[in-house]
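Student: For the protein sequence lines, the chains are A and B, in the order given.
Be aware that the first sequence starts at 1, since it is given in our numbering, and climbs by one per residue.
Be aware that the second sequence starts at 1001, since it is given in our numbering, and climbs by one per residue.
Just so you know, these hints were derived from the structure itself, not from any lab.
It is possible that some hints are incorrect.
Each pair of labels, with its calculated beta carbon distance range [unchecked claim]:
hint, chain 1, residue 1, chain 2, residue 2, range
1, A, ALA38, B, GLN1107, 16 to 22 Å
2, B, HIS1012, A, PRO8, 34 to 40 Å
3, A, ASN77, B, GLN1009, 30 to 36 Å
4, B, GLN1080, A, LYS13, 38 to 44 Å
5, B, GLN1080, A, LEU39, 24 to 30 Å
6, A, GLN17, B, THR1020, 40 to 46 Å
7, A, ARG22, B, THR1081, 22 to 28 Å
8, A, THR20, B, GLN1003, 28 to 34 Å
9, A, LEU39, B, GLN1014, 40 to 46 Å
10, B, THR1081, A, THR115, 17 to 23 Å
On a predicted model such as this, the values are computed, not experimentally measured, just so you know.
In this text, a Cβ means the ideal position worked out from N, Cα and C, and glycines have one as well.
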Amino acid sequence: ETGVTQSPTHLIKTRGQQVTLRCSSQSGHNTVSWYQQALGQGPQFIFQYYREEENGRGNFPPRFSGLQFPNYSSELNVNALELDDSALYLCASSLNPGLGPSPLHFGNGTRLTVT
Amino acid sequence: GQQVMQIPQYQHVQEGEDFTTYCNSSTTLSNIQWYKQRPGGHPVFLIQLVKSGEVKKQKRLTFQFGEAKKNSSLHITATQTTDVGTYFCAGPWGYQKVTFGIGTKLQVIP
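Excised from the complex, chain A in its bound form:
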């Protein structure tokens, strides 16, 4: 059983640039959620994807967007980067949300630094 993998592990971008983060879900999981974790804070929910559709969104602006592919892998795109976007971005996979609460399995995250 393969776990959740994220790439890249670290990234440095300049304010105003765009970034794409990638996530491969754990085998057997069809749902992917993205979280932003600032230093010393709890993970903040960005959005969730299920069956290639957005299935819930947190309080993040539209410049945060995502995709899910037929193989359940996912991308998080952030446009017009701001300094406050510097954080650890976590991807978590889980089972079908319609089956009830399901544990989240997290990847190691991508550490994004915006300068």
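Given chain A, work out where chain B should sit, using these hints.
Tutor: Just chain B, lined up with the frame of chain A:
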């Protein structure tokens, strides 16, 4: 306003002492989950509680879900240095999916 409060935010204990963290919600929850995040790591799922008054144990860890399903606790007996990390409660607050509390950072002094 804030929907979940987790206390304390920080806790230093001597190795061998007990530790408890509390999670309080302003709304009734269908379920609650607990996660542990080691320094420099990612959150790792510990347990899920669904039933009112439910108590679950994992070795030295005891998890409890309140009767009103608005609060939960995690108790660690006889802490060890391997227990160091931040413990998060997480639940379906509002219309969001799994939402995390601010966490309790546990330091264990050997």
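Student: Against which earlier hints does the structure fall short, listed by number upward?
Tutor: The structure conflicts with hints 7, 9 and 10, although it agrees with all the remaining ones.
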